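Start from the sequences, fold in the hints, and give me the full structure.
Chains W and P, in that order, are what the protein sequence lines are. So the first sequence is numbered by our numbering: it starts at 1 and just counts up by one. So the second sequence is numbered by our numbering: it starts at 1 and just counts up by one.
Errors might be hidden in some of the hints.
[Said to hold, decoys possible] In silico SDA-like links for lysine to any residue, alpha-carbon gap of 20 Å or less:
1) W:Lys119 with P:Val146
2) W:Lys269 with W:Ala289
3) W:Lys119 with P:Glu149
Everything labelled a hint here was simulated from the structure, so no lab data went into it. Keep in mind it's a predicted model, so treat the numbers as computed, not measured.
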Amino acid sequence: MPSDPLVAQHVLEFPGGYTRTTGPVIGRFLTELRARRIVGVRTVEGRVLVPPLEYDPATGEPVTGEYVEVGPAGTITTFAWVAEPLDAHPLDTPFAWALIRLDGADTDLLHAVAADNPKALAAGTRVWPVWRDRPTGHITDLSHFAPEVTKIVSSVRAEYRLQAGGALRVFLEGVERGVLLGSRCEQCEKVYVPLRLACPECGNTLPDTLELPDTGTITTFAINNLPDPRAPQVPFVSAYILLDGADIPMIALIGDVPAHEVRQGMRVKAVWVPESERTASMANIRWFAPTGEPDVELA
Amino acid sequence: MRDVAIVAFAQTRHTGTDTGLSEHELIHPVISEVKERTGLRRFGFTCSGSCDYLAGAPFSFVSALDALAAWPPISESHVEMDGAWALYEAWVRLQHGDLDSALVYGFGKSSLGDLRTIMTLQLDPYYLAPLGLDQLSYAALQAAAVGAERQELDEIVRRSRADGRGNPYAFDLPDPSDEEFAVQPLRRTDVPPITDGAAAIVLAAGDLAGRLHANPAWIRGIAHRTEPHYLGMRDLARSASAADAGRAAGVGKGPVEVAELHAQFPHEEIILRQALDLGGETVINPSGGPLAANPVMAAGLIRIGEAARRIHDGTAGRTVAHAASGPCLQQNLVTVLEA
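Written out as structure tokens, the structure reads:
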């Protein structure tokens, strides 16, 4: 019994490929490609055709025997983005087909351009050829083109050893005990936190050290969408907190509340790590969390 | 010039998948239909258009001749192009003056393989075909060069598909809603449907035309022009060859009531309207056009048949038909028909 439906696979193929002679004009182009050069041919009217043709498409006149090296860089005039490459395509990751006006040419070469996404390309984007490892004299000796180098990523890393002396040391020793230390300027009548030795406004030495409570009010805040090693999750909120009795806000993380519920005037209190884990470091305070008290009217 | 008219047109109810009919089985009904309409059993000249790469077999048009009655021997020719070019050859043959009738047909089954990559084989074998440049990719390059607003493109697809639903030979396709790209900037809904189908037309010269049809569609102008094959040597945003063919055929010598355009992608309609200088008074593709049914190698001939049908049924007095071939509207054939 025949199967139903009756279906057969049929393949059209020239095993081993189809041999073609190139003629002198296309042959010259392909020979130059094998030497990793791209040439165009000059027409009687002086235009440079790339890739070369035997006849000027505008007039039908045979081209001259003058070959001109062009590129290797060029400018994209039009492109289309292939999100799902086919087996026969030059690249197996998403890429663009582009018409490329090589420097010194009067017509456009059609080839593939590698890019991360279509937004990385535009009419006017400069591209350079990427050659195949072993050129053989074939249009695919040009593996593809890639955008001109317009930026690089350079790594920066230097190590430092920091030491807390002076006011910072006193402040951090306070934090280790679970106390926030500030200082008061007698002349300006302002309380600064963290503790400092001189008043930033009048320059007076600040002798008065005082302990501030760990409660305060959010004066302003920012919702951060980039991860930070110190933050609990993304997005996280960093805020200016005006500690009760202080005149200068201190920056800290806000926690135990969804980011979109944080607001100016919100009352907060420090969340300390357990006493056994405390060190002379701001890490002693995990973040500030809402107290649930009514909001404060900010001036 | 001899007066030559279209006196009969028939097309298959196209399918989106292979029904298993061989090529001569596909064309036999439409040949029988135009024979019946005209009462002619024999024709002075016969010419067909098809593409061997669609079937993957050499000289595939020869076996299709079995549908015609080729014995006793007939005067016959074939173009490896859309049947519209077969019609042009038949029109030229009738200008010789010794024959009065011609049968023209075009056919293709694009469902047999992957049309997108099969059309790569029509590109030049030195610079383009080895890159694997496929049909949707080069059409997308042209769409990018045109740079039309998405809203205008969607409206062309929506209008074509709505008209297609009113055409019993075309498909019932949904309105554009798919945001997915085929090859950016072409969306999947910008791509014409894979279609198997055939069409036939009978041409008659002089008095014979009047005897075969009460309203013959007279060919008042017909011309075709071509452009360089290599895409980088052309301005893809415009069609100089369609404009030249339109001028040579005399499109602008009178008002155009209906234009049937062989626009397979919506941006091609924009290019062609501009090239043929078609204004708002011209109804474009009331059949739905290739976006509603695209039997490759018959779609251009169907444009001529649909433009003639408007004259046959008395709904239009002057129509224009356009057929295209080659990558990105490389070649364009324009026919002007009058009552």
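Taking the hints in turn, this is what the structure says about them:
no., hint, result
1, W:Lys119 with P:Val146, "holds, 18 Å"
2, W:Lys269 with W:Ala289, "holds, 5 Å"
3, W:Lys119 with P:Glu149, "holds, 18 Å"
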